[in-house]
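A.B. asks: Chains as they are written, first to last, in the working numbering: chain E, -8 to 359; chain A, 11 to 394.
Do not take every clue at face value.
Think about it this way: if two alpha-carbon atoms lie no more than 25 Å apart in a straight line, the pair counts; the simulated DMTMM-like pairs of lysine to aspartate or glutamate are [as the list claims (entries may be wrong)]:
1. A/Lys268 / A/Glu334
2. A/Lys322 / E/Glu291
3. E/Lys191 / A/Glu312
4. A/Lys268 / E/Asp142
5. A/Lys295 / E/Asp300
6. A/Lys249 / E/Glu291
7. A/Lys322 / E/Asp300
8. E/Lys257 / E/Glu221
9. E/Lys270 / A/Glu312
10. A/Lys322 / E/Asp142
11. A/Lys249 / E/Asp236
Residues from chain A that keep clear of chain E, each with C-beta distances beyond 12 Å, as calculated [said to hold, decoys possible]:
12. Ala231
13. Lys249
14. Asn357
Rather than coming from a laboratory, the hints here were simulated on the basis of the structure.
Cβ atoms here follow ideal geometry from the backbone N, Cα and C, with glycine treated the same way.
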Amino acid sequence: MKFKIQRESILKPLNIVSGVVERRQTLPILSNILLTIDDESILSMTTTDLEVELNSSIQLDEVAEPGEITIPARKLLDICRTLPEGAMVEMTLKGDKVTLKSGKSRFILSTLPVSDFPATEKLKNPLEITISQNNLKTVIARTQFAMAQQDVRYYLNGLLLEVSANKLRAVATDGHRLSLCDTEVSAEISDVKNVIVPRKGVIELHRLLNDNDENVAISLGTNHIRVEFEDIVFTSKLVDGRFPDYARVLPQNVDKIVYSDRETLKQALTRASILSNEKYRGIRIQLKTGEIKALANNPELEEAEEIIDVDYDGDDLEIGFNVNYIIDALSAIPTNEVQLGFSDSNSSCLVQPKDDETCKYVVMPMRL
Amino acid sequence: MIIHVDMDAFFASVEERERPELVAHPVIVGGQPGKRGVVCAANYRARKFGVHSAMPTAQALRLCPDAVLLAPRMALYSEVSHQIRSIFEHYTPVIEPLSLDEAFLDVSASQRLHGHVSEIAKKIKQDIKDELKLVASVGVAPNMFLAKIASDLEKPDGFVIVEDENKQAFLDPLPVSRLWGVGKVTLGLFNKMGVYKIRDVRELTTETLQQHFGKHGLRLAELSRGVDKRTVTPEHQAKSISNEITFAVDLEDKRILKMHLLQLTEQVAWRLRRKNLSGRTIRLKVRLSDFSTFSRSVTLVEPVQSTQIIWKAISGLFDIFLSEKNLPIRLLGVGVCGFDGLSQQQNLFSDETQARQEIDKVTDEINERFGPAVLRRGSTTIVP
């Protein structure tokens, strides 16, 4: 194997795939990157942490000698990063070493056999879905913050994707709050398919997606999800578990509806939160005709009060929340106007864009 | 100075008080002999026949066929225990109960109000006799270790004061088994070394003790010199709640070890709920036969008090421990700390949480009414 490439050209795919390479790997092969060159001089790079696999490829300008090998990913990235701008990089496999030459620099890197690299399973009869990059990035951005982290209920440590013929719905919950977002897709499916993508895969995928309307091809297998776009192939294992019945916790009978300017409400809550208990983040919300009053205090007996003018004409209500949950929801909503629905002080609050059913946030209250 | 109050034959004495017709009879409180019941308590008349607690009831009745066998009435004993506690509270708030029938008291701050510590101890003993018609043995000493020995020394109806300057003379002639943490195994080792009295332990160098017993040896060296640095900790101020068990014979059977762990977990979780505490950090303690002691802990996202969740954490920690270390095991302990108060955040999927709370609540109610461990999880039932 032998090829020549410009520093900038190799850095792009390297940066893409290095996301899943961890510094402290228990299995040495997992800190390596798999390099493959085929007969058409396409250089392909693959990394994996056994849960998520990333692959990116690039067409080489010069004819290269085909071959494949694995070398330490982090070291390769650090070397290429620190080479001068515009430098040409030449890599040659000789025996079990790879020599990297660039100008007056020369590096000899150790290798591990390709057969050690964990091979990806082929997806059997996958469900194929087409969606635009924009839309996929958006549904993830609007839901991922509500995923649980290292919860014993492992099925909450991920994002639920629910696919029907023309709709993709993403749902995340940590058991205290829930986020939901719908978008359009086209899929060859007559019923509904549910999968849970693990937290790490979700965050990685969100990082890789761009804001453009090019198509993304999603393949859903029994145990894996594969997402292909631009020069990238993202593959992740699925969480084997049953997501809770989220539809049951979407509030049905909110009778107290508040309309507010999103930014004004968010800023007021953010200020009040400064004096809420650092750990529990409790905030007291009082609803009155035409206003929301937000009250916070902490163990040092400091207090904050914010009054926000809103469009509300219902009964008075006092209810407590973890203020971060409300702020997270407000931050994820794209519109200027938001709608908050309440029923009583022991029931969840429904936050959503005004007159828009495509994304919903459910937050359970706190007893104060 | 510390006071240790230990009720004499507590369950049996309460029964005698409640049923005057029992006076002058040997009384045993315990389970039915046909159902492999054991003795919970025996009065002194029954003890003369060799009956003692934890003995199978069948054996006890063979030793003392005339004994009156009574089923335990835990609710009653628990009520009397609360009355005893209110007597203590009259003299000091610094009370550390060890069980229903014994407690440590630190009255250092109350002496100006209630007189010298020995007078307070006398008053407490007298109050228990006058108000509750029950007899307590009382030990007064410079620390907890000595106070506990003192209360036991002249049981029943004992009253022993150990002054700081006399503590060595008091300890020296006592058998080595009086030292805390000296059970069958340690005693056997000591006897092999020709050590029988606490004096013999004191005469060993700290190095020798450490060689034979590890860290525990340092503690034994201190205790043999009458040194005990622990302070009386009232439970409501406790920073952690833990229970541990030392086995008479070191154990290797993982199944049996897990049962003991589950029992400890149930006890700790019950104490948490009784004190309305929830903790985020769950700790497993394991001591191997060579006295090496290990602690493994995990910190959860939210403070908990549910038996099921604590058990999930403890059994997970134990599995990891087993994969790292070799058996046999001498001691197991379960502890919970990091009390932040229960988070008031409500849950979206509350069915699960509610089900756990219901199980805990019902179990607690039944056990408080009919005695500890009447109702327990299926996998603990092989443990007697």
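A.B. asks: Taking the hints in turn, state whether each one holds.
C.D. replies: Each hint tested on the structure:
{"no.": "1", "hint": "A/Lys268 / A/Glu334", "in the structure": "16 Å, holds"}
{"no.": "2", "hint": "A/Lys322 / E/Glu291", "in the structure": "36 Å, violated"}
{"no.": "3", "hint": "E/Lys191 / A/Glu312", "in the structure": "22 Å, holds"}
{"no.": "4", "hint": "A/Lys268 / E/Asp142", "in the structure": "24 Å, holds"}
{"no.": "5", "hint": "A/Lys295 / E/Asp300", "in the structure": "56 Å, violated"}
{"no.": "6", "hint": "A/Lys249 / E/Glu291", "in the structure": "22 Å, holds"}
{"no.": "7", "hint": "A/Lys322 / E/Asp300", "in the structure": "48 Å, violated"}
{"no.": "8", "hint": "E/Lys257 / E/Glu221", "in the structure": "36 Å, violated"}
{"no.": "9", "hint": "E/Lys270 / A/Glu312", "in the structure": "11 Å, holds"}
{"no.": "10", "hint": "A/Lys322 / E/Asp142", "in the structure": "12 Å, holds"}
{"no.": "11", "hint": "A/Lys249 / E/Asp236", "in the structure": "39 Å, violated"}
{"no.": "12", "hint": "Ala231", "in the structure": "42 Å, holds"}
{"no.": "13", "hint": "Lys249", "in the structure": "17 Å, holds"}
{"no.": "14", "hint": "Asn357", "in the structure": "5 Å, violated"}
Going down the numbered hints, you'll see the structure goes against 2, 5, 7, 8, 11 and 14, while the others check out.
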